[in-house]
Amino acid sequence: MKTILIIFTFLLSSITVVGQGKFLTKQGYTSFYSSTPIEDIKADNNQVLSIIDTSSGTIAIAILMKSFSFEKALMQEHFNENYVESDRYPKATFKGKILDFETLTNKETKVNIIGDLTIHGVTKKMEIQGNINSTEKDISLKGDFEIEVADFGIKIPSVVANNIAKTIKVTYEFDHKPYQK
Amino acid sequence: MTKKTKKLLILYFFAAILVVSIITVKIYNKPFINIAESKPSLSLASEALLSDFINDESTANTMYLEELIQVNGTITAIEKGKDGNDIITLGNENTIGSIICHLSKNEKNLKTGQEISIKGICTGYLMDVILVKCVIVP
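Residue numbers (the numbering used here), protein chains in the order written: chain B, 1 to 181; chain A, 1 to 138.
Hints listed in this document are in silico derivations from the structure and should not be mistaken for laboratory results. Predicted model only: the values in this text are computed from it and were never measured. Worth double-checking, as some hints may not be accurate.
Unchecked claim - Each computed DSSO-like pair below joins lysine-lysine, with the alpha-carbon atoms no more than 27 Å apart: (1) A:K30 with A:K133; (2) A:K4 with B:K72; (3) B:K169 with B:K95; (4) A:K133 with B:K177; (5) B:K42 with A:K7; (6) A:K30 with B:K95; (7) B:K72 with A:K105; (8) B:K97 with A:K105; (9) B:K72 with B:K91; (10) B:K137 with A:K80; (11) A:K26 with B:K42; (12) A:K82 with A:K133; (13) B:K107 with B:K95; (14) B:K166 with B:K142; (15) B:K110 with A:K4; (16) A:K108 with B:K169; (17) A:K30 with B:K91; (18) B:K137 with B:K107; (19) B:K142 with B:K169; (20) A:K26 with B:K91.
Next up, chain A with everything else stripped away, as it sits in the complex (with noise of 0.2 Å):
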């Protein structure tokens, strides 16, 4: 083996495990899906997607769970969250359950019985189906 071939062989080590850290650090801190700018898998009102987890929720489950979701429907209350993020429910008075979407930074000039598009995560039904890291969709 001359000097030459020993000094490039050298070098590709070196880089190769340059390239292996990189793809390593850049897969731990893969980023966050960016909510304000994604398309929503699926668009729909909220009282349908609260039917569809009140009739069958281990198929709503397949269907929606972390699935970004637009959900249209009637604000019926405004709460601050323990984050100081609002909490908005969409639903209707006659209904015990509603969809509770987390937002994920306040929305200014909003109140109840105004109809709004909100996009988010959806994690799940509890009495309510939750949806988390919403923003509105203006």
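In isolation and in its complexed conformation, chain B is listed as follows (with noise of 0.2 Å):
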């Protein structure tokens, strides 16, 4: 009867395991916003693909930069050729860590991210705060965080220096399925 406990509990254990895995989405929206007195300018990019592995609580996330749709082409244009340079550095992309990944309930929870951020070729260390909420058929992440457009080497020429603010804000929201193939 004893040994039929454990061969259970064995069998238990390992279908837990297996039930763990990769979540994805190819749908993720990332938007960011500048805001400066002359105007305001947001991009919307709904093409991010963002991967989390429940078992270690990594996520990797890859966003297209020319993906990012501005209310004006010009902005659009400016942005891809004389900013971030996306013929050279098509992608941004973040690789990291949620923290306290395994303790995770069931209810929209505050986490801690810690990981690289890469725009424009340049690597930064980032601790990024979001609300997630996991659940076995769904993770929901997302929230806002501030960067430095200096702090990724991007230019912002002097003639148009009052129109682009220094900090921009960046916010996310992924919904990550379970994935399968």
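Both chains are sitting in their own frames, so use the hints and assemble them into the complex.
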């Protein structure tokens, strides 16, 4: 009887291990917002790839710079050609770890994420706060943080220096689903 | 300087300012390209586009990024995006990657397995090739 019980517990625990794995979204949302007295500039991106490995709590995010869509075509052109140089640096990435991931329960919780953010070929260590809600079918993660344009080697010409904020607010919202394939 | 030439000069001055400001506003408000009415710079099968990116991403980037391209393929999935517009996946079940097309307005009567042509702006390759602002080519 005892051995059966042991085998059973063993089987059950292995099932929960199998149940863990990768959660992913290919339609993650990221936007940034620059606010100055002269003008506000906002750009949205609905094509962000984000993958969470639930066994380790690691997260990997990839963003296509050319997917950011602006209110005005000229802003988008300047952003791609002059500021982030998206021909040379087509992607921004974030690789990090969601702290205390294993203690999460099925309700919205504040989490800290530590990792490396790469934009314009420059990598910077970041600590980002977010709200996470993790269930068996869905991991949603959202929040916002600020970055300094100068930290990523992005040069803003003095002519438009008053139109573009030095600190940019980044908002994100990812709704990860279990990955099958 | 006579009174008349002075008046004329002032008139020219204001006319010049007006012309410059009209041009500035025109440039500032330059419209996005109208995808429905523009001719795609190239047209190819979804498998060909995907394999170009898988084989050599940086060359494919120089070829396709920010280009309006037409892709022909089979619908493998239709999803609703967060903005309410449909997201159509082109490809086949056997390959890992696919072409993900974000439509700019919803299209009725689409179903999986259907062969279609979609044109849109290519923004790059993550796990899949991404096209944005897509419209269905009738």
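Holds or violated: B:K72 to A:K105, with C-alpha atoms at most 27 Å apart = This hinted pair holds, its Cα atoms lying about 19 Å apart.
If you draw a straight line from the CA of B:K110 to the CA of A:K4, is it 27 Å or shorter?
-> Since the Cα atoms of B:K110 and A:K4 sit roughly 74 Å apart, the hinted pair is violated (cutoff 27 Å).
Under the criterion that the straight-line Cα-Cα distance not exceed 27 Å, is the pair B:K107, B:K95 satisfied?
-> holds (24 Å)
Hinted pair A:K133 and B:K177, Cα distance within 27 Å | holds (24 Å)
Holds or violated: are the alpha carbons of B:K72 and B:K91 at most 27 Å from each other?
-> The hint holds at about 21 Å.
Pair hint outcome, A:K82 versus A:K133 [Cα-Cα no greater than 27 Å] | holds (14 Å)
Distance restraint between B:K42 and A:K7, which requires alpha-carbon spacing of 27 Å or less = The given pair, whose Cα atoms are some 45 Å apart, is violated under the 27 Å limit.
Going straight from one Cα to the other, do B:K137 and A:K80 come out at no more than 27 Å?
-> With Cα atoms ~18 Å apart, B:K137 and A:K80 stay inside 27 Å; holds.
CA of B:K166 to CA of B:K142, is that 27 Å or under?
-> Measuring from Cα to Cα gives roughly 23 Å; hence the hint holds.
For the pair supplied as a hint, A:K30 and B:K95, is the alpha-carbon distance within the 27 Å limit?
-> violated (37 Å)
Starting from A:K26, check that the Cα of B:K42 is at most 27 Å away, please.
-> holds (20 Å)
Is the Cα-Cα distance between A:K30 and A:K133 27 Å or less?
-> holds (17 Å)
When held up to the earlier numbered hints, the structure conflicts with 2, 5, 6, 8, 15, 16, 20 and fits the remainder.
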